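Peer 1: Heads up: the protein sequence lines correspond to chains F and Y, in order.
To convert, note that position 332 of the first sequence is 370 in the working numbering; the numbers rise steadily by one, no gaps.
To convert, note that position 295 of the second sequence is 333 in the working numbering; the numbers rise steadily by one, no gaps.
Fair warning: there could be bad hints in the mix.
[Said to hold, decoys possible] Covered stretches of chain F, going by a simulated chain Y footprint (3 or more residues, C-beta under 8 Å):
1) 59-70
2) 127-137
3) 173-179
[Said to hold, decoys possible] No farther apart than 25 Å at their CA atoms in a straight line, the calculated lysine-lysine pairs in the DSS-like style are these:
4) F:K140 x Y:K140
5) Y:K355 x Y:K191
6) F:K191 x F:K80
7) Y:K80 x F:K191
8) F:K355 x F:K191
9) F:K80 x Y:K80
10) Y:K191 x F:K80
11) Y:K191 x Y:K80
12) F:K406 x Y:K140
13) F:K140 x Y:K355
[Unchecked claim] Far from chain Y, by Cβ distances over 12 Å, these chain F residues were calculated:
14) E50
15) E108
16) A156
17) A256
18) R269
19) G278
20) R308
21) D324
Just so you know, these hints were derived from the structure itself, not from any lab.
Owing to the predicted nature of the structure, the values given are computational and were not obtained by experimental measurement.
Note that the Cβ used here is the ideal one computed from N, Cα and C, for glycine as well.
Number of protein chains: 2
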Amino acid sequence: MDEFARIRYWNEGRQSQLLLERQGVVLGIGDDAAVVGMPPDKDAGRLEWLLAVDTMVETVHFNDATMEPEDIGWKALAANISDIAAMGGVPRHALVSVSVPKAWEPARVRRLYDGLYACAERYGVAVIGGDTTSSPLHLVLAVTVTGTVEAGKAVRRAGAVPGDAVFATGAAGMAAAGLHALLAAAAGGSGGLAALGGGTGATPPLWPPPAAKGGMAALVQAHRRPAPSVRAARMLAARGTVTSLNDVSDGLASEAWEIAEASGVTIALRESDLPRSGSMTAYAHDCGVDPLEWILYGGEDYVLLGTMAAADAQAAKAELAEAGLPMYIIGEVEAVGPGVDLIRDLDHVQAGGRRGAGYSPVREKVAKRGYNHFGG
Amino acid sequence: MDEFARIRYWNEGRQSQLLLERQGVVLGIGDDAAVVGMPPDKDAGRLEWLLAVDTMVETVHFNDATMEPEDIGWKALAANISDIAAMGGVPRHALVSVSVPKAWEPARVRRLYDGLYACAERYGVAVIGGDTTSSPLHLVLAVTVTGTVEAGKAVRRAGAVPGDAVFATGAAGMAAAGLHALLAAAAGGSGGLAALGGGTGATPPLWPPPAAKGGMAALVQAHRRPAPSVRAARMLAARGTVTSLNDVSDGLASEAWEIAEASGVTIALRESDLPRSGSMTAYAHDCGVDPLEWILYGGEDYVLLGTMAAADAQAAKAELAEAGLPMYIIGEVEAVGPGVDLIRDLDHVQAGGRRGAGYSPVREKVAKRGYNHFGG
Numbered sequence: 039m040d041e042f043a044r045i046r047y048w049n050e051g052r053q054s055q056l057l058l059e060r061q062g063v064v065l066g067i068g069d070d071a072a073v074v075g076m077p078p079d080k081d082a083g084r085l086e087w088l089l090a091v092d093t094m095v096e097t098v099h100f101n102d103a104t105m106e107p108e109d110i111g112w113k114a115l116a117a118n119i120s121d122i123a124a125m126g127g128v129p130r131h132a133l134v135s136v137s138v139p140k141a142w143e144p145a146r147v148r149r150l151y152d153g154l155y156a157c158a159e160r161y162g163v164a165v166i167g168g169d170t171t172s173s174p175l176h177l178v179l180a181v182t183v184t185g186t187v188e189a190g191k192a193v194r195r196a197g198a199v200p201g202d203a204v205f206a207t208g209a210a211g212m213a214a215a216g217l218h219a220l221l222a223a224a225a226g227g228s229g230g231l232a233a234l235g236g237g238t239g240a241t242p243p244l245w246p247p248p249a250a251k252g253g254m255a256a257l258v259q260a261h262r263r264p265a266p267s268v269r270a271a272r273m274l275a276a277r278g279t280v281t282s283l284n285d286v287s288d289g290l291a292s293e294a295w296e297i298a299e300a301s302g303v304t305i306a307l308r309e310s311d312l313p314r315s316g317s318m319t320a321y322a323h324d325c326g327v328d329p330l331e332w333i334l335y336g337g338e339d340y341v342l343l344g345t346m347a348a349a350d351a352q353a354a355k356a357e358l359a360e361a362g363l364p365m366y367i368i369g370e371v372e373a374v375g376p377g378v379d380l381i382r383d384l385d386h387v388q389a390g391g392r393r394g395a396g397y398s399p400v401r402e403k404v405a406k407r408g409y410n411h412f413g414g
Numbered sequence: 039m040d041e042f043a044r045i046r047y048w049n050e051g052r053q054s055q056l057l058l059e060r061q062g063v064v065l066g067i068g069d070d071a072a073v074v075g076m077p078p079d080k081d082a083g084r085l086e087w088l089l090a091v092d093t094m095v096e097t098v099h100f101n102d103a104t105m106e107p108e109d110i111g112w113k114a115l116a117a118n119i120s121d122i123a124a125m126g127g128v129p130r131h132a133l134v135s136v137s138v139p140k141a142w143e144p145a146r147v148r149r150l151y152d153g154l155y156a157c158a159e160r161y162g163v164a165v166i167g168g169d170t171t172s173s174p175l176h177l178v179l180a181v182t183v184t185g186t187v188e189a190g191k192a193v194r195r196a197g198a199v200p201g202d203a204v205f206a207t208g209a210a211g212m213a214a215a216g217l218h219a220l221l222a223a224a225a226g227g228s229g230g231l232a233a234l235g236g237g238t239g240a241t242p243p244l245w246p247p248p249a250a251k252g253g254m255a256a257l258v259q260a261h262r263r264p265a266p267s268v269r270a271a272r273m274l275a276a277r278g279t280v281t282s283l284n285d286v287s288d289g290l291a292s293e294a295w296e297i298a299e300a301s302g303v304t305i306a307l308r309e310s311d312l313p314r315s316g317s318m319t320a321y322a323h324d325c326g327v328d329p330l331e332w333i334l335y336g337g338e339d340y341v342l343l344g345t346m347a348a349a350d351a352q353a354a355k356a357e358l359a360e361a362g363l364p365m366y367i368i369g370e371v372e373a374v375g376p377g378v379d380l381i382r383d384l385d386h387v388q389a390g391g392r393r394g395a396g397y398s399p400v401r402e403k404v405a406k407r408g409y410n411h412f413g414g
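Let the sequences and hints guide you as you build the complete structure.
Peer 2: So this is what it looks like as structure tokens:
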């Protein structure tokens, strides 16, 4: 199967004319470039374009043990859609560059596209172009997305102001736990694979872990099929009270630091208010890992971390709740900075402790680390 | 140097505020996504967006022997700009995904960005975002570009009609000759590297070749620093008589076949009218290679191949000539198809032949081949 046959086999007939038209696609895959229409005149002055690219590299972001081909396609697009959500925008189009080694025969790559197109369908994204090359050894998948946002309303990292509430649109740490479990299952302690494990340094446990078995599927799903918070981002951005927004790709700590540095503030997170998945906590305990390690430094959760006017936070949470979307108010923005602090709640760590005479929150600095492609 | 320090080291302070503003950049590198403004209201209904992505992979598209780091950066962006030119559009923005192995230390990658930004400056393209990841072994560079074109005026491959003239905006085959020379110089006949040589199968010659030395720089330049025909494309598209357009990335034959198939026509090329560089021809003879092999099947020339109303072809050529831009009328479009034919001129192959009693053009089928990432 030559290059052109492969492109057809992977892409042809994947998306409805309706979806393509809704996204203004004039010309999709198959010419030198794709053509997309501007929004209608009445919108044109009111919108701006968003553009982002995210890349997944075999052995760096995934391997045979951690991801099915469908998962790779899904996640590559989802990570990009998450970037659009993190600006408060609507994802529109995607272009897919895939570099394919011999070990990836056409049917295996098609499964990758199955996952990518499933994600595109879920978020209404039109796949309009790409590039297909060979690769000497490893599969590399670079996806570019476009989106739109109301002019002047893109939510940056730099807007947090003291007194704001800090919020998250979902639990962090589940993806790291899922990856840990996948690597443990596959390698039973191989250092090479464990090195991928989000930097926890923990020894992978026996598989399956004794207590957490029931919830493992959710953790693996979190790693393989992240679901970016597009709806939540749009509802939050529409309130006009959100002052900064970031998606959790490199870990809650790393993203909080980005907001803190861009805005010149300290992000103070309350341990007791951090959303934690029961399965993640149980699995962490089984592994002898502090769940906070995964929550703060795990990454790849693709939930949103943001700041907003404190006075509007409860109303925003109620609006999202009505739509069935979670929102957690997890801390506040302080004037000095940049910094990220964690207000520990000793009730959490002292068995049987109750708030009262013995209550003693302790404030700790949160390290500026997370997944970094070239070390810290 | 960590990931964020590298991104700053490679990108910071590269482009003027003027260039960024001219391209409507609201927010460039550094947040979750870039933000670009819509064109002003008066233009909005009159424009469409173009989007394309092109990827270069170490050992597939380049290696230490064929390209300096600066060349890789230049060419990755130039290949994309050429895709926008091939639609008749104006290039606007670029996003750069680079996956970096250990062997590529930060200073070496910075040189790659030097070349990329030089190309961006030359074509007025704003670099607005990207993604930086590690890579296990090979460097992979995927560049996405945007452009704009007057609404409804993007020049596709499918519009060629019988009677049209076929034209090219520059010589083909020089890039293939340059690559051949680079590989020959480096490897002196190594089969592994020769396999990259555009599929000619010719044995690399002794280096330096005896007769062609003087013009070698132009051939090497053609391979390393292609100069896409943006101005020519804009002038041609503005005439309203261009019916199809393609850029020569995989070879003149392959691009002609794409137009022929998309339009359902035969492209008849006249050998005697194909533009040939003297250096390329001389070097080919030194190597015992038929220059036609490189012209038709070499690829990576990034000139444009197109069709237009025959009645307007000479006027178009004159307009381009006035601007100092070459244009060659190299054939015509015929009704039956799809196919690509070459009208041989035996004067070219028979030594000392003159047109007269012995003149005998011969028509040959042009094979549907060129560079193909997964064989033909």
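Peer 1: For every hint, state whether the structure bears it out.
Peer 2: Tested hints:
Here the segment 59-70 of chain F counts 4 residues with a CB under 8 Å from a CB of chain Y, which clears the bar of 3, and the coverage holds. With 6 residues having a beta carbon nearer than 8 Å to a beta carbon of chain Y, the segment 127-137 of chain F meets the requirement of three or more and the stated coverage holds. Closer than 8 Å: that is the beta-carbon criterion, and the segment 173-179 of chain F has 5 residues meeting it against chain Y, so the requirement of 3 holds. Taken as a hint, the K140 (chain F) and K140 (chain Y) pair is honoured in the structure, with Cα atoms around 23 Å apart against an allowance of 25 Å.
The suggested pairing of K355 (chain Y) with K191 (chain Y) holds, with an alpha-carbon distance near 20 Å, which does not exceed 25 Å. Our distance criterion of 25 Å between C-alpha atoms is met by K191 (chain F) and K80 (chain F), whose separation comes to about 17 Å. Distance restraint check for K80 (chain Y) and K191 (chain F): the Cα-Cα separation of roughly 22 Å lies within the 25 Å cut-off, and the hinted pair is therefore satisfied. For a cut-off of 25 Å, the pair hint linking K355 (chain F) to K191 (chain F) stands: about 20 Å separates their Cα positions.
A distance of roughly 12 Å separates the Cα atoms of K80 (chain F) and K80 (chain Y); the hinted pair therefore holds under the 25 Å criterion. Restraint check for K191 (chain Y) and K80 (chain F): the C-alpha separation of about 22 Å stays at or below 25 Å, so the hint holds. Our distance criterion of 25 Å between C-alpha atoms is met by K191 (chain Y) and K80 (chain Y), whose separation comes to about 17 Å. Between the alpha carbons of K406 (chain F) and K140 (chain Y) the distance comes to roughly 23 Å, so the proposed pair stays at or under 25 Å and holds.
With a C-alpha separation of about 45 Å, the suggested pair K140 (chain F) and K355 (chain Y) falls outside the 25 Å cut-off, and the hint is violated. The Cβ of E50 (chain F) lies farther than 12 Å from every Cβ of chain Y, with a closest approach of about 15 Å, so its non-interface assignment holds. For E108 (chain F), the shortest C-beta to C-beta distance to chain Y comes to about 21 Å, beyond the 12 Å cut-off, and the non-interface label holds. Remark: the non-interface label on A156 (chain F) is consistent with the geometry, its nearest Cβ contact in chain Y lying 21 Å away (cut-off 12 Å).
Separation of A256 (chain F) from chain Y is adequate, the least Cβ-Cβ distance of about 26 Å exceeding the 12 Å criterion. Here R269 (chain F) stays apart from chain Y, with its beta-carbon at least about 17 Å from theirs, past the 12 Å limit. Distance check for G278 (chain F) against chain Y: the nearest CB is about 17 Å away, which clears 12 Å, and the non-interface claim stands. The claim that R308 (chain F) lies off the interface holds: its Cβ sits roughly 25 Å from the closest Cβ of chain Y, which is beyond the 12 Å cut-off.
Non-interface call for D324 (chain F) relative to chain Y: holds, since the shortest CB-CB distance, roughly 30 Å, exceeds 12 Å.
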